[in-house]
Amino acid sequence: MKLYDELLKDYRAKEGLKTCINCGTCTAICPAAEFYKYDPRKVMDIVQSRDEEEIEKLLKSDFIWYCGECMSCVTRCPRKNGPGLVIMALRNLSARLGYFTFSEKGRQLYPLTKILTGNILNYGYCVYPDTFKWEDHKESGPVWKWHLEHIGDTMARLGANFKGEGPGVLRKIPQKSLDELKSIFDVTGGTERIEAVNKFSKAKAEEMGMDMDEYFRETFEHTSEGHLNSED
Amino acid sequence: MKENIVIVGGGIAGLEAAAQLLDLGFKPIIIEKSDHLGGHVADWNCLFPDMSPAKDIVSSLIARSADANIFLNTEISFVNKLKDSYNIMLSNGISIITRILLMTTGFSLFDAHRKEEYGYGIYDQVMTNKDLEHWFNTGDDKRINNSAMNAVGFVHCVGSRDEKAKNSQCSKVCCITAIKQAIELKQKFPDAMIYCFYMDLRMFGKKYEDFYINAQRDYGIRFIRGRVSEVGENIDGRVIVKAEDTLSGKPVKVTLDLLVLMAGMVCNPDSTKVANMASLPVDSDGFLKSKDNVADIIESPKEGVFYAGACTGPKTVPETLAEARAAALKIYLYIKGLE
Amino acid sequence: MIYQGKQKIWADYQKEIPDNHWFYVRSCIRQNFFPGAEKMFMEICRDLLKKDIFETENHTTCGGIAYHCDTIPQETVMTIVARQFALMTEAGYENYVASCITSFGNYIEILETWKEFPELETRIRELLWKACRREFNKPKYVAHASDLVYKYRNEIAARAKYRLVNRFTGEPLRGVEHIGCHYAKMFPARGIGGAEYPYVLCGMIESWGGNVIDYPERRHCCGYGFRQYHVKANRGYSLSNTHKKFESMEPYHPDFILTNCPGCPYFMDRWQYVIAETEGKTYGENGYGIPVLTYEELASLVLGYNPWDIGLQLHQVAVEPLLDKIGIEYDPAEKYKGLNEKEIMRPELPGVLRCC
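Protein chains in written order, with the numbering used here: chain A, -17 to 214; chain B, 1021 to 1359; chain C, 754 to 1109.
Since the hints were made in silico from the structure, they are not lab data.
None of the values given here were measured: they were computed from a predicted structure.
Check the hints yourself; a few may be wrong.
[To be verified] No farther apart than 27 Å at their CA atoms in a straight line, the calculated lysine-lysine pairs in the DSSO-like style are these:
no.	chain 1	residue 1	chain 2	residue 2
1	A	K96	A	K62
2	B	K1192	B	K1206
3	C	K904	C	K893
4	A	K154	C	K1095
5	B	K1184	C	K883
6	A	K62	B	K1322
7	B	K1270	C	K997
8	C	K803	A	K115
9	A	K(-9)	C	K761
10	B	K1206	A	K24
11	C	K761	A	K158
12	B	K1322	B	K1047
13	C	K883	B	K1273
[To be verified] Listing some non-contacts, in silico: residues in chain A with all C-beta distances to chain C over 12 Å:
no.	residue
14	Y(-14)
15	I3
16	I28
17	S31
18	E38
19	F84
20	E121
21	K164
22	A185
23	E188
24	M194
Just so it is clear, CB atoms sit at the ideal spot from N, CA and C, and this is done for glycine as well.
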């Protein structure tokens, strides 16, 4: 299996990588490049090189996980590339092959998968009050803490249909619809992806001597030195 | 000789070809849509590499071609293909039967407004290469403030090598023009910091590399290898430019008093219009399609139709003049062959 | 700044937006953080302007956030979206309006991808049938909810009780607009005004009496970054990008920020609180922050709705300074009450950021 060929099976790689001239237009306005030691131009250059060894390194590195997928790069590239799309394809492949567990930022795929696919399959939403805890999101401020503590009242005041039947804000999504989502996950590879991320993460947790709760906290909260531009 | 030769376009290619054809004994007809001769070069101030005044070249060409039949403010209304000639109807009502058509329709300057992210026509301190030449000629442009010119940037490849702008071609002359203009500005504002943002520096012509060396060594112009991604405006009206210095791999942000966009050469829509009337093919880059892009650049695939200059793609002034002379010779031989 | 230059660009990027009959899909983030905004969208468009906007309880997340956090494959998100389209088709609608920018971008990206790779659309149709026994037509038109409010902006202005004018000085209020990245950065022609100078929010501000401020980092992302926010360890990314925007807009002293993206108002609101608490810096006047509003909230304010009925109490940055400038009457004691004036506790006050 050639990594480059695998990558190019992904529509996002096909769309995102035409020919790159290393002009740096993407990096110039990249929010991630300003914050992290990151350069989307270099990602494009490595993929374009078709150097299997370099691509494997990339898939196992923190580098591909720095992007925020804002897609600002797509607007500006003079060659109609989309570095953000190539990043998505790289991440997809890294997840499939389990290479994401080789890097700290890659390992964050475990908590992300747990939170987001959990919310979708359990509630039908990507973000949901029951799992958006103030303790994990202190930046959400005292007002969010208050909102969560009185959510029945605050939602009622604003005419939401929180956990209610029928349409409306934060309604309860009918079980039949949730079942359909689960079924979609099963037939489209969503479930398989969750299982793969869990399998590789378990192996990594074991290697790191952690149980899955510890691994979750570690990957969700811990950041090492050396990722940031400001750390030179 | 009374053979009609119609030259479409009174820029330097048309004028040079006309002058040569006059020398060869013909009396060519020049059709020019604007009210003056000399085309884009007439708007320019100095030409690289020897800083020769553009007006000297243009006035000498005009003098040498003065005996041609010249129609200013005239466009081609339609072209009828007859058996072995063309009937060309002009906007002034005159119609000409000719066996020889020389296209010297040149190029259009890329409309810099279209690179929206560079803010031309939106941010006060953004101008084009052409605007700057105009300032060199007249000293009149409110964007240039003689007392506050501390930092100036030049953006290469504006509308060139840009698939989004639907122009994938290199405009060839902008790299050297940027260096020329950077030096000229530096001469006028010796304390200003001057930046050139480029993707590649294409210093292919005679003495271009020397120019580049001068710019670095004698004028301290800073070359940043990165394409400008975005321009914004500060509260004081200065422009903020974002690029990546790709050689160091670091995003750079500079605040400038003036930003000059090196608008590139794109095919002239009027050229395409005439080409359509005369059923001339257009190449994949939008410029007129030659019989062969190596051996027969000045010949069209159509009998009796010839090209010279930037109507077939970006050209420098000397290249254009050389093609005009070659086209004149080709036409001469063609007519001889007809006899 | 040459205003006419922008007008020229705006004229190039107008969309023919259908006037009526919309299938509405909600936003995950907005339902959590700005539940009043979506309620007001329905109230203004459906009840006030009498437009036909249909919602079914069976629609779900579009999966966009999970997709952009790289937790689900492309086929999964496409099939979730295909199911939403099926719900639209079954309900007899052809115009699709999304409350969320991530969703809007997601829908447009998927439709464009199918256009380029028709075999993928065929495959998704098969997957949807296999998973849900549903079939779908593609929408005739996909709009973002802000496109609709933009379209109705003059009707809203005609009914407005207030204008965006500072009642103390008589000057137009100064608004900063912030557009969600996925609105037009991927497909500029799909956004009103394009990607570089979007007009969708400017048009509202101008129509309602305010002035729009352009500032150097206007186009910069709010800093959501999906995984860069959802993972606690990465949140510095999000904060630092918002910080950059605030530093850039600070000299212009905006009276408010208007947004059309779900995440942006949340981040621009909450990171102001964090910057205040950690650095002691505030960007509004007298220790307040700069209020950040959604377009429905701003529309509701000019229409004269009670600020606490539209959910402005759920903002961390106090909106009262803005209400006072516009001259909107409000009862401070009512701010944190439940339904029917039910007494519930008040949120704690931040240490530095001034709140009411």
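Cross-check of the supplied hints:
1. K96(A) x K62(A): Violated, because 34 Å separates the two Cα atoms, which is more than 27 Å.
2. K1192(B) x K1206(B): With a Cα-Cα distance of about 23 Å, the restraint between K1192(B) and K1206(B) holds, given a limit of 27 Å.
3. K904(C) x K893(C): 18 Å, holds
4. K154(A) x K1095(C): 24 Å, holds
5. K1184(B) x K883(C): The given pair, whose Cα atoms are some 39 Å apart, is violated under the 27 Å limit.
6. K62(A) x K1322(B): Judged against 27 Å, a Cα distance of about 36 Å means the pair is violated.
7. K1270(B) x K997(C): 17 Å, holds
8. K803(C) x K115(A): Answer violated: K803(C) to K115(A) is near 38 Å, above 27 Å.
9. K(-9)(A) x K761(C): With a Cα-Cα distance of about 41 Å, the restraint between K(-9)(A) and K761(C) is violated, given a limit of 27 Å.
10. K1206(B) x K24(A): 34 Å, violated
11. K761(C) x K158(A): 50 Å, violated
12. K1322(B) x K1047(B): Since the Cα atoms of K1322(B) and K1047(B) sit roughly 22 Å apart, the hinted pair holds (cutoff 27 Å).
13. K883(C) x K1273(B): 52 Å, violated
14. Y(-14): Non-interface label on Y(-14)(A) holds, nearest chain C Cβ at 18 Å vs cutoff 12 Å.
15. I3: 21 Å, holds
16. I28: Given a closest Cβ separation of 19 Å, the condition holds.
17. S31: 23 Å, holds
18. E38: 18 Å, holds
19. F84: Nearest chain C Cβ is 15 Å from F84(A), so the label holds.
20. E121: The claim breaks: E121(A) does not keep its Cβ more than 12 Å from every Cβ of chain C (closest is about 5 Å).
21. K164: 9 Å, violated
22. A185: For A185(A), whose nearest Cβ neighbour in chain C is about 18 Å away, the distance exceeds 12 Å, so it holds.
23. E188: Non-interface label stands for E188(A): nearest chain C Cβ at 21 Å, farther than 12 Å.
24. M194: 16 Å, holds
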